[in-house]
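**Student:** Position chain B against the provided structure of chain A, taking the given hints into account.
Chains A and B, in that order, give the protein sequences.
Under my numbering, the first residue of the first sequence is numbered 1, with each subsequent residue one higher.
Under my numbering, the first residue of the second sequence is numbered 108, with each subsequent residue one higher.
Please note that the accuracy of each hint is not assured.
Stretch by stretch, here's where chain B covers chain A in the computed footprint (C-beta under 8 Å, at least three residues) [claimed, not checked]:
hint, segment
1, 56-67
2, 79-89
In silico negatives: residues of chain B with every beta carbon more than 10 Å from chain A [stated by the list, open to error]:
hint, residue
3, Leu117
4, Val160
5, Arg163
6, Glu164
7, Ser172
8, Ala229
9, Gly231
Here are the simulated lysine to any residue pairs, SDA-like style, with alpha carbons at most 25 Å apart [to be verified]:
hint, chain 1, residue 1, chain 2, residue 2
10, A, Lys43, B, Tyr209
11, B, Lys227, B, Ala204
12, A, Lys73, B, Ile179
13, A, Lys77, B, Lys227
14, B, Lys180, A, Glu50
15, A, Lys43, B, Asp241
16, B, Lys180, A, Val57
17, B, Lys180, B, Val160
18, A, Lys4, B, Leu190
19, A, Lys43, B, Ile179
20, B, Lys180, A, Ala40
21, B, Lys180, A, Leu6
Hints were generated in silico from the structure; no laboratory data involved.
Note that the Cβ used here is the ideal one computed from N, Cα and C, for glycine as well.
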Amino acid sequence: MAVKVLIPPPLRPHAGGQAAAEFAAKNVEEALGQLTSEFAGLKRHLFTEEGRLRSFVNVYVNGEDIRYLAQEKTPTKDGDTINIIPSIAGGAPENGAKGKAGPPRSG
Amino acid sequence: MRVSMSQELLEKIRRHGEETYPHECCGALLGRDRSREAGEERPREILELVPLVNRREDSPQNRFSVAPQDVIKADRAAEARGLDVVGWYHSHPDHPARPSEYDRTHAWPWYSYIIVSVAKGAAGEMTSWRLEEDRAGYAEERIEVRSESANLN
Numbered sequence: 001m002a003v004k005v006l007i008p009p010p011l012r013p014h015a016g017g018q019a020a021a022e023f024a025a026k027n028v029e030e031a032l033g034q035l036t037s038e039f040a041g042l043k044r045h046l047f048t049e050e051g052r053l054r055s056f057v058n059v060y061v062n063g064e065d066i067r068y069l070a071q072e073k074t075p076t077k078d079g080d081t082i083n084i085i086p087s088i089a090g091g092a093p094e095n096g097a098k099g100k101a102g103p104p105r106s107g
Numbered sequence: 108m109r110v111s112m113s114q115e116l117l118e119k120i121r122r123h124g125e126e127t128y129p130h131e132c133c134g135a136l137l138g139r140d141r142s143r144e145a146g147e148e149r150p151r152e153i154l155e156l157v158p159l160v161n162r163r164e165d166s167p168q169n170r171f172s173v174a175p176q177d178v179i180k181a182d183r184a185a186e187a188r189g190l191d192v193v194g195w196y197h198s199h200p201d202h203p204a205r206p207s208e209y210d211r212t213h214a215w216p217w218y219s220y221i222i223v224s225v226a227k228g229a230a231g232e233m234t235s236w237r238l239e240e241d242r243a244g245y246a247e248e249r250i251e252v253r254s255e256s257a258n259l260n
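One chain only, chain A, in its complex shape (with noise of 0.2 Å):
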């Protein structure tokens, strides 16, 4: 047994393209810290230069935002899912910029 980490389809490139991995940890912080060290390249997409969690990054514990419980410091256990679950936002320009975002690049 083991904390399973489940990892969000634009994430899976950068870990081997697992769905999930599994962890002894006792709270998120842990676990997430040995993603990352397993998967280096998942640090920059979950972690700002200063190593806080971005804000683009929700994390749920067994279904719990853990903004609501201790942050990073959640406790965990055996058996425990950790859901990493990005957040999807966008829009249309303000009124008045048609613009669009950088130069699309075509592909």
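**Tutor:** Here is chain B on its own, set in the frame of chain A:
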């Protein structure tokens, strides 16, 4: 890069954008990505949609937001069908189907982001985009219309 989907799904996205006009609509794209298998370039297949509620109540005419619970709901719907959430769609009411700066700063690499322009209540141009890994810009994906019915097996 290419995505493929049925005409029926294309029309569903258009209708969703018209129904929520002048507000933005949003939803999840379920499918599978075998684009790198077998050494040939294949389109990413979009096989189902999960229409979702735009949670941006303060500015729904030019913003959309998907609640984390809805992301989980879309993930579970995909998993139940042996698929993945391969992207997201939303509408741009009275704006072109081009990603905005706000879209870029909130997007993730890998996902396909489909945008439908809805002008005066009528859906028009539809485009699909993928954020570059360095987040500097987008690559436009060609949308191919699949004529045959989806084979989920």
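**Student:** Each hint needs a verdict: does it hold in this structure or not?
**Tutor:** Each hint tested on the structure:
1. 56-67: holds (count 5)
2. 79-89: Since 6 is at least three, the answer is holds.
3. Leu117: Per Cβ check, Leu117 (chain B) is outside 10 Å of chain A; nearest 20 Å; holds.
4. Val160: 12 Å, holds
5. Arg163: 7 Å, violated
6. Glu164: Per Cβ check, Glu164 (chain B) is outside 10 Å of chain A; nearest 13 Å; holds.
7. Ser172: Given that some Cβ of chain A is not farther than 10 Å from that of Ser172 (chain B), nearest at about 4 Å, it is violated.
8. Ala229: Nearest chain A Cβ is 16 Å from Ala229 (chain B), so the label holds.
9. Gly231: 13 Å, holds
10. A:Lys43 / B:Tyr209: 23 Å, holds
11. B:Lys227 / B:Ala204: 14 Å, holds
12. A:Lys73 / B:Ile179: Given that 25 Å is the threshold and the Cα spacing comes to 23 Å, the pair holds.
13. A:Lys77 / B:Lys227: 54 Å, violated
14. B:Lys180 / A:Glu50: 32 Å, violated
15. A:Lys43 / B:Asp241: Holds, at roughly 14 Å.
16. B:Lys180 / A:Val57: Roughly 17 Å between the alpha carbons, so the hint for Lys180 (chain B) and Val57 (chain A) holds.
17. B:Lys180 / B:Val160: 12 Å, holds
18. A:Lys4 / B:Leu190: 20 Å, holds
19. A:Lys43 / B:Ile179: Holds. Lys43 (chain A) to Ile179 (chain B) sits at ~22 Å (cutoff 25 Å).
20. B:Lys180 / A:Ala40: Given pair Lys180 (chain B), Ala40 (chain A) is violated - Cα atoms ~29 Å apart, limit 25 Å.
21. B:Lys180 / A:Leu6: 14 Å, holds
Comparing the model with each numbered hint stated earlier shows that hints 5, 7, 13, 14, 20 do not hold.
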